[in-house]
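> Just need the whole structure built from these sequences, with the hints factored in.
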Amino acid sequence: MKPYKNSGFALVNANDEKLPVEQRIELQTKEIPSLKPGQVLVKVLAASVNPSDLVYLMGKYGIPANPGAFAGFEACGIVVDANAGLYGKWLQGKRVAVFATPGQDGVWANHVVTRVDYCVALRKELSDAQGATMMVNPCTAVCLVERAMELGAKAIIVNAAASQVGKGVIRYCKTKGIKTIATVRSESNLRVVQDVGATHVLLTSDGQFSTQLAKLASYENATVLLDAVADNETPQLLKQMPNGSSAIVYGRLTETHDPFGGYFSVADVIFRDMHIEGFWLSTYIKKAGMLRTVRLMRKVQKLFAEGIFDTDIYGEFDFSTFLPALAHYANHKSDGKVILKPN
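Heads up, the sequence shown is in the numbering used here, so the first residue is 1 and it goes up one at a time.
Careful, some of the hints might be misleading.
[To be verified] Here are the simulated EDC-like pairs of lysine to aspartate or glutamate, each with C-alpha atoms no more than 20 angstroms apart in a straight line:
1) K302 to D81
2) K94 to E125
3) K43 to D310
4) K43 to D81
5) K287 to E146
6) K5 to D81
7) K341 to E125
8) K299 to E150
9) K179 to E220
10) K174 to E150
11) K176 to E220
12) K94 to D81
13) K341 to D312
14) K43 to E31
15) K215 to D268
16) K5 to E26
17) K30 to D81
18) K43 to D128
19) K286 to D128
20) K286 to D312
21) K299 to D310
22) K124 to E306
23) K176 to E150
[Unchecked claim] Pairwise CB distance ranges (calculated):
24) A267 to G177: 29 to 39 angstroms
25) M290 to S188: 39 to 49 angstroms
26) P33 to G177: 40 to 50 angstroms
27) G68 to P324: 20 to 30 angstroms
28) G177 to P37: 41 to 51 angstroms
In short, the hints are calculated from the structure, not lab data.
Glycine included, C-beta positions come from ideal geometry on N, C-alpha and C.
Structural data, given as C-alpha cells:
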C-alpha cells in the first residue's frame, strides 16, 4: 500500500549564516503529495551527502534554499508507485539510483517524489551505498573527462584531487590513457591520490608549487584544468598552463561570503587564448534527455562493477545519528561519504 506520511530532514534555518549545517535541518513528518504526470515515488534505502548538499543548506547553491522542503540530492531506493507511462511502470518494484527534482523535496527522508527521468535501474551487484553515490560524483567525473577529451586534452590538471570527483577523474583517465597532474591541499592526501593512480601529485602549500606545476604542465602538455576550488585558484593555475588551455569549473570549495564570485585574468583570456567554462550535472541531465542519461549511468555502473570506480564510505547512519555525522562530513570530506539509511 502506498504510504501517506513521510519523515525526513527539512530545511529550517537557511538564512542564519552563523549556524553550522547540522543545525539548519530538523526531522519533520508531512503528507506525501499525489503523483503528477512524469513522477515516481521512491522508498529510500540509502542517501548520500555531497558538498553540493552542504552549499545548498548554507543557502549558497544554484538552486534557492526551499524552507520546509526535505534536503538531499542523491539516493538509492525502490520505486513503489509511478505516474510516468511505460518507463515508470517498468521501474515499479525495481531498485534505482535517484536524483531529487531541483527545488522540491529531497532524498533525506523515508520516501521521495521525483521525475521518472531522474531514476535509473541499478545492477544487482552494486550495494545500496554504491547506488546512493552513483549519480552526482561518478557521473560528474565521467562527464568532465569526456569534455576534456572533446577539447583535445592529452593530460589534465585535477584540482582538489582527493575529493570523490577528483579520484573518479583520475581513475577514469587511466582507462583512457590520459595523464593527470593532481593537486592536493594537505600532505596526508599525497599518498591517497598517488594510490588512486595519478601520474603526478603536487602539494599546493609547497613553496615551489607554481614552478613545479608550470614545468609539469609544459612537459605533459596539460591543456585542461578541472577545478572544484575556484576563487583565486582558477587564474593562478591557468597561468602555469600552455597557451590555449581551458579551465572547467565545477565547484567552489573556497569559503567566502560570495559563493558565486571568482577571478580570472583578462590578459590571459585575451592574449593567451585561455578559456573558462562551467559544468553542473543538473544542467547536463536536462539537456541530455533520458536516453543519454541512462547511457551515462550504465557506463558508470559498469565502471563500479569492474572495480574501476569506488566510493569511500565514512559510515552509515539512521535518523538518530545522522546529524553528528553530517557535522563530521562538513569538516572532514576526505574521510568518505556519510550515508543516511532512513528505513
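> Please verify whether K43 and D81 have alpha carbons no more than 20 angstroms apart.
Cα-Cα ~9 angstroms, so holds.
> Going straight from one Cα to the other, do K286 and D128 come out at no more than 20 angstroms?
Roughly 25 angstroms between the alpha carbons, so the hint for K286 and D128 is violated.
> Would you check the hint for K30 and D81, treating anything up to 20 angstroms between C-alpha atoms as holding?
holds, 18 angstroms
> With the threshold set at 20 angstroms, check whether the alpha-carbon distance from K94 to D81 stays at or below it.
holds, 11 angstroms
> Taking only the CA atoms, is the gap from K179 to E220 under or equal to 20 angstroms?
This hinted pair holds, its Cα atoms lying about 8 angstroms apart.
> Holds or violated: K215 and D268, Cα atoms, limit 20 angstroms.
Between K215 and D268 the Cα gap is close to 18 angstroms, so the pair holds against 20 angstroms.
> Return holds or violated for the Cβ distance of G177 and P37 against the range 41 to 51 angstroms.
For G177 and P37 the Cβ distance comes to about 45 angstroms; the hint holds.
> Would the pair K94 and E125 pass a check requiring their Cα atoms to be no farther apart than 20 angstroms?
holds, 14 angstroms
> Given the hint that K43 pairs with D128, test it: the Cα-Cα distance must not exceed 20 angstroms.
holds, 12 angstroms
> For the pair A267 and G177, does the Cβ-Cβ distance stay inside 29 to 39 angstroms?
This hint holds: roughly 34 angstroms between Cβ atoms.
> Run the distance test for K124 versus E306: straight-line Cα separation, threshold 20 angstroms.
holds, 13 angstroms
> Against the range 20 to 30 angstroms, how does the distance between the Cβ atoms of G68 and P324 compare: consistent or not?
Check passed, 23 angstroms falls within 20 to 30 angstroms.
This entry does not satisfy hints 1, 3, 19 and 20, going by the numbered hints stated previously.
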